[in-house]
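Heads up: the protein sequence lines correspond to chains D and C, in order. Residue 203 in my numbering sits at position 82 of the first sequence, with consecutive numbering throughout. Residue 236 in my numbering sits at position 115 of the second sequence, with consecutive numbering throughout.
No lab work stands behind these hints, which were simulated from the structure alone. Keep in mind that the hints are not guaranteed to be accurate.
Copies of the same chain are indistinguishable here, so a pair counts whether it falls within one copy or spans any two.
To be verified - Lysine-lysine pairs mimicking DSS-like chemistry, simulated, CA-CA at most 25 Å apart:
{"hint": "1", "residue 1": "Lys136", "residue 2": "Lys361"}
{"hint": "2", "residue 1": "Lys421", "residue 2": "Lys236"}
{"hint": "3", "residue 1": "Lys416", "residue 2": "Lys148"}
{"hint": "4", "residue 1": "Lys361", "residue 2": "Lys148"}
{"hint": "5", "residue 1": "Lys317", "residue 2": "Lys360"}
{"hint": "6", "residue 1": "Lys148", "residue 2": "Lys125"}
{"hint": "7", "residue 1": "Lys317", "residue 2": "Lys446"}
{"hint": "8", "residue 1": "Lys436", "residue 2": "Lys136"}
{"hint": "9", "residue 1": "Lys236", "residue 2": "Lys360"}
{"hint": "10", "residue 1": "Lys136", "residue 2": "Lys360"}
{"hint": "11", "residue 1": "Lys236", "residue 2": "Lys361"}
{"hint": "12", "residue 1": "Lys405", "residue 2": "Lys276"}
{"hint": "13", "residue 1": "Lys148", "residue 2": "Lys360"}
{"hint": "14", "residue 1": "Lys136", "residue 2": "Lys446"}
{"hint": "15", "residue 1": "Lys125", "residue 2": "Lys208"}
{"hint": "16", "residue 1": "Lys125", "residue 2": "Lys361"}
{"hint": "17", "residue 1": "Lys244", "residue 2": "Lys405"}
{"hint": "18", "residue 1": "Lys244", "residue 2": "Lys208"}
{"hint": "19", "residue 1": "Lys436", "residue 2": "Lys125"}
{"hint": "20", "residue 1": "Lys446", "residue 2": "Lys208"}
{"hint": "21", "residue 1": "Lys446", "residue 2": "Lys416"}
{"hint": "22", "residue 1": "Lys421", "residue 2": "Lys276"}
{"hint": "23", "residue 1": "Lys405", "residue 2": "Lys125"}
{"hint": "24", "residue 1": "Lys276", "residue 2": "Lys244"}
{"hint": "25", "residue 1": "Lys446", "residue 2": "Lys236"}
{"hint": "26", "residue 1": "Lys361", "residue 2": "Lys421"}
2 protein chains.
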Amino acid sequence: MIRKNIVLGHGSGGKLTDELIRSVFVKRFDNEILTVQGDSAILPLRASLLSFTTDSFVVNPLFFPGGNIGTIAIAGTVNDLAVSGAKPLYLSAAFILEEGFPLDDLEQIVISMAKEARLAGVKIVTGDTKVVERGHADGVFINTSGIGLLVEGRKAISTGSGIAVGDKILINGPIANHGMAIMAERNNLNISADIKSDCTSLNALINSVFNVCDESDVKFMRDATRGGLSSVLCELFDKKTFGVEVREDRVPIDDNVMGMCELLGFDPFHVANEGKLVMVVDGKKAENILNAMQKHPLGKQAAIIGDITASHPGKGHIITGVGGKRVIDRLAGEQLPRIC
Amino acid sequence: MIRKNIVLGHGSGGKLTDELIRSVFVKRFDNEILTVQGDSAILPLRASLLSFTTDSFVVNPLFFPGGNIGTIAIAGTVNDLAVSGAKPLYLSAAFILEEGFPLDDLEQIVISMAKEARLAGVKIVTGDTKVVERGHADGVFINTSGIGLLVEGRKAISTGSGIAVGDKILINGPIANHGMAIMAERNNLNISADIKSDCTSLNALINSVFNVCDESDVKFMRDATRGGLSSVLCELFDKKTFGVEVREDRVPIDDNVMGMCELLGFDPFHVANEGKLVMVVDGKKAENILNAMQKHPLGKQAAIIGDITASHPGKGHIITGVGGKRVIDRLAGEQLPRIC
């Protein structure tokens, strides 16, 4: 019998689970390591330093302009590994499915995951499937965890311990697209048919930067996701002996995204992205690195947006176009639930 | 303000998320690697072979005799690593929380996770928190992924490629306790107040076996979870050139568990466990290994339950007490949804 929807038996660990694993997951994620029956993947990995990360994805809606929950589930974890300085290698994928979820939708999501994994050069090597009764989940939730290989020379990047006054802050392109694309899709806002999520894997862009500079020139990297650019900037200066100054007019924002933010009362600095890299680099190498970014398809609109300053240590300011000053702060409540 | 329940803002990636991470997760999982702000954990791990696994936990009810979702979330992933032959080292923990979930319950679950991780000798090094609106999840779902260190000499264990006719099948204790404990708790069945889940980490028991034998004497290990003992046995003989024969009267089952299975019409071979190790070992070493198991607190009722046979290749039989024969088969539908 060909089933069109997920039933509880797909999570039983018996025949139906087996069928689902073989006909959907193994078929699409196919690689020589992927475990079919074994519960663990065996990874041939000669390493002395690893990066390890996990993220659950509950984005609503599941499909949106520019991607779907599967695209984010891969890109998000690849990016967490890549911004720690590591080379992303292996991912796990665990699905919590709601009874009744259409198998066609699951297949489309899995195809997107396989595609994004191929683009990012990572392998999905192990997984899990659970099913909960109708009304006890929301379609599908996906967890991906990832392992990356880290070299000693990049170890300081993940903590930003090398950041110093005079360093420059870069971003690879316009902010707030993901959040506004989700917002528009969720509310059927016609105003914004052309806003797409920026959801993508950033590891190739990061490689292109390291091709033109020394490892020690890159002091810190973070992908600005939930909480937006502000959250990353706060992380930069919190409890530090230096401050952060960002020039508002240097931060790239697409006109239609800015328009939608203004209309709905969102601060674009707080809106989520899924393909934005914030990088702190040695001031003397900043132009060089900017040029390398701009040559990469994911960095065409890259910009130097701010400085690490000796003034106002532990604080961050946005210098507005008219010369005013705004304090950079974390989002206090919840702006857009289930953005990723 | 002291909050008593999860709100959507706890998943925002902003201030509330930060507070939750610090006051609940970091406080309990405390170790030198655990990432607070960074999105990846950096692991100093000199390896050439790793074991990597993932599992999401959706057990209902969250609390049951013998444990809670937190205990299973740690033990389950530790066991998946351990039965692959690896030494479990590092775990991730990702939470999907339903709006309104009591913070006290979350804290109790997290305390259980910390305790089980300590017992198993693993560190929880990275995590994630998402919150979905009331009615779109069921309290809390937890994903744990894990990394273990594998040595070359144990590589064949995860696939069972060394299994040969004459090998013996062992189990460390009575089956079906977890499934029946959940069943009783879910349905408020008073008949079974004394049935407890067997939920526990098996890595110490496995170590005690390797202390008395060569690595090559252990051909295969698996923890019998969803799908029960039958599922593991099927995995053993599926598409193989040998068969499996299990003596029903050798398989340990507690009387009260057997009684409940009979009353409710469950085949205990299909009922889930969370602390049962199935091991295939060299026939000549079986008694020796059995003795080692029986000396360990988790193996007091260990037994040799069956054989790898030349007869009926690719098939498995249960020899019943009265000398009859039953075919071993996988669970076809769903017996007990959300058992783990």
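Here is how each hint holds up against the structure:
1. Lys136 with Lys361: Between. Shortest inter-copy distance 18 Å satisfies the 25 Å Cα cut-off; intra-copy 55 Å does not.
2. Lys421 with Lys236: within (23 Å within a copy, 49 Å between copies)
3. Lys416 with Lys148: neither (36 Å within a copy, 44 Å between copies)
4. Lys361 with Lys148: This pair counts as between: shortest inter-copy Cα distance 22 Å, intra-copy 49 Å.
5. Lys317 with Lys360: neither (36 Å within a copy, 48 Å between copies)
6. Lys148 with Lys125: within (17 Å within a copy, 45 Å between copies)
7. Lys317 with Lys446: Classified as neither: same-chain Cα gap 30 Å, cross-chain 62 Å, threshold 25 Å.
8. Lys436 with Lys136: between (57 Å within a copy, 16 Å between copies)
9. Lys236 with Lys360: Neither: 40 Å inside a copy, 31 Å across copies.
10. Lys136 with Lys360: For lysine 136 and lysine 360, only the inter-copy Cα distance (15 Å) is at most 25 Å; the intra-copy one is 54 Å.
11. Lys236 with Lys361: neither (40 Å within a copy, 34 Å between copies)
12. Lys405 with Lys276: within (21 Å within a copy, 49 Å between copies)
13. Lys148 with Lys360: Classified as between; 20 Å across copies, 49 Å inside a copy.
14. Lys136 with Lys446: Only across copies: lysine 136 and lysine 446 sit 22 Å apart there, 62 Å inside one copy, limit 25 Å.
15. Lys125 with Lys208: Neither: 38 Å inside a chain and 41 Å across chains, both beyond 25 Å.
16. Lys125 with Lys361: neither (55 Å within a copy, 32 Å between copies)
17. Lys244 with Lys405: neither (37 Å within a copy, 40 Å between copies)
18. Lys244 with Lys208: Cα proximity of lysine 244 and lysine 208: in one copy and across copies (12 Å, 23 Å).
19. Lys436 with Lys125: For lysine 436 and lysine 125, neither the intra-copy (54 Å) nor the inter-copy (31 Å) Cα distance is at most 25 Å.
20. Lys446 with Lys208: Answer is neither; intra-copy 38 Å and inter-copy 54 Å both fail.
21. Lys446 with Lys416: neither (32 Å within a copy, 70 Å between copies)
22. Lys421 with Lys276: neither (28 Å within a copy, 46 Å between copies)
23. Lys405 with Lys125: neither (58 Å within a copy, 50 Å between copies)
24. Lys276 with Lys244: both (23 Å within a copy, 20 Å between copies)
25. Lys446 with Lys236: Neither: 43 Å inside a copy, 48 Å across copies.
26. Lys361 with Lys421: neither (31 Å within a copy, 55 Å between copies)
Hints 3, 5, 7, 9, 11, 15, 16, 17, 19, 20, 21, 22, 23, 25, 26, counting from the list given before, are not met by this structure.
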